[in-house]
Amino acid sequence: MTFSLSKENILVPSYRGRLTEGITYDPRNDSLIWIDIIVGEVHRISLSDTSKHEILKWKNPAETVGAIALTKQEDVLVVCSKYGLAKGDFSTGEIEYFFKYPHDEQQQVRLRSNDGIVDPWGHLWIGVMNDFNVATTEGIKPEGKLYRINTTDFTIETMVDNTLIANGLAFSEDGTKLFWTDSLTFTIWRFDYDYKTNTLSNKTPFIETKKIYPDFESPEPDGLVMTKDGDIYTTIFSTSTVLHVNAKGEVVEKISLPAERITCATIGGKQGDTLFVTTGHLDLEKPTCDSRAEDKDGDLGGFLFSLKLDRNLNGQPKNIWGGKL
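Numbering (UniProt numbering), first residue to last: 1 to 325.
No lab work stands behind these hints: they were computed from the structure. Warning: the hint list may mix true and false statements.
[Said to hold, decoys possible] Straight-line distance between alpha carbons at most 30 Å, and here's what the computed DSBU-like set of lysine-lysine pairs gives:
hint: 1; residue 1: Lys196; residue 2: Lys254
hint: 2; residue 1: Lys203; residue 2: Lys177
hint: 3; residue 1: Lys57; residue 2: Lys100
hint: 4; residue 1: Lys87; residue 2: Lys177
hint: 5; residue 1: Lys87; residue 2: Lys59
hint: 6; residue 1: Lys270; residue 2: Lys324
hint: 7; residue 1: Lys52; residue 2: Lys308
hint: 8; residue 1: Lys211; residue 2: Lys177
hint: 9; residue 1: Lys228; residue 2: Lys318
hint: 10; residue 1: Lys211; residue 2: Lys141
hint: 11; residue 1: Lys203; residue 2: Lys270
hint: 12; residue 1: Lys177; residue 2: Lys228
hint: 13; residue 1: Lys57; residue 2: Lys318
hint: 14; residue 1: Lys270; residue 2: Lys211
hint: 15; residue 1: Lys177; residue 2: Lys7
hint: 16; residue 1: Lys141; residue 2: Lys59
On a predicted model such as this, the values are computed, not experimentally measured, just so you know.
Turn these sequences into a full structure, and let the hints steer you where they fit.
Here it is as structure tokens:
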């Protein structure tokens, strides 16, 4: 089955970003949160009134934002930024670091946060990868990592090393499986996870996008969301589609969008029946990119899209960061 979205599915016509990502639904206040990685912004709107649009932005133009996590306070987020974790507060408009990655001087220059989630126990899993300046001049190198940051004592452990683009991830409902994306391997990997020993094992391919998209040169799996039933909705960068697979890894449906660079998806709405999708602008790499301008070729990358379906999608709720800020 295939759904096709159009310009009519744009959620906030007044907003267009460069590389929107990390979309998150907060049922406590029926809000939608997302980031624009390149410009270091965190956005929030009320779904009952999308004109209520709040923005947190790093003052340092060199900063990026790779992911966010909800906390016990609705206005406060963990903002995964270039050098580590920051506290972002919508009530004050401030962003401030509370934890830095143990990176040496070279790593501080070359790496940045990318996608991440809070696990069922409140700990944060966050990927790091080459920053844009490195990727532009050298290409993506296997210098990335998937970290786990303990919510109690801030112990940081490398769970997967030598990664390319550490991207979308999710835990199974019982917490015994981790599904994790390394985009340039064109694979979503499945691991067994033992919480007591904090170990990953039995790494196996779950979805191989080169096999599903043989006509595309670089069908990169990007951000994803999992349902309580084990289905995954994963965005496939450079293909204009969101791919829905079941718990066996079988393709159920493809959702087509009027944008080439599809970046992340989440499930939300009061009835749990809406899929929200972020996208990237075709010129996102250019510092002079005017993300608000209309594209001559009609690509609508940079806008947020929504698709309301006739069923509750049974999405996993986002876990809450369990530590102090």
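task: Compare the structure with the hints numbered earlier in the document and write down the numbers of the violated ones, lowest to highest.
output: Violated hints: 1, 11, 14, 15; rest satisfied.
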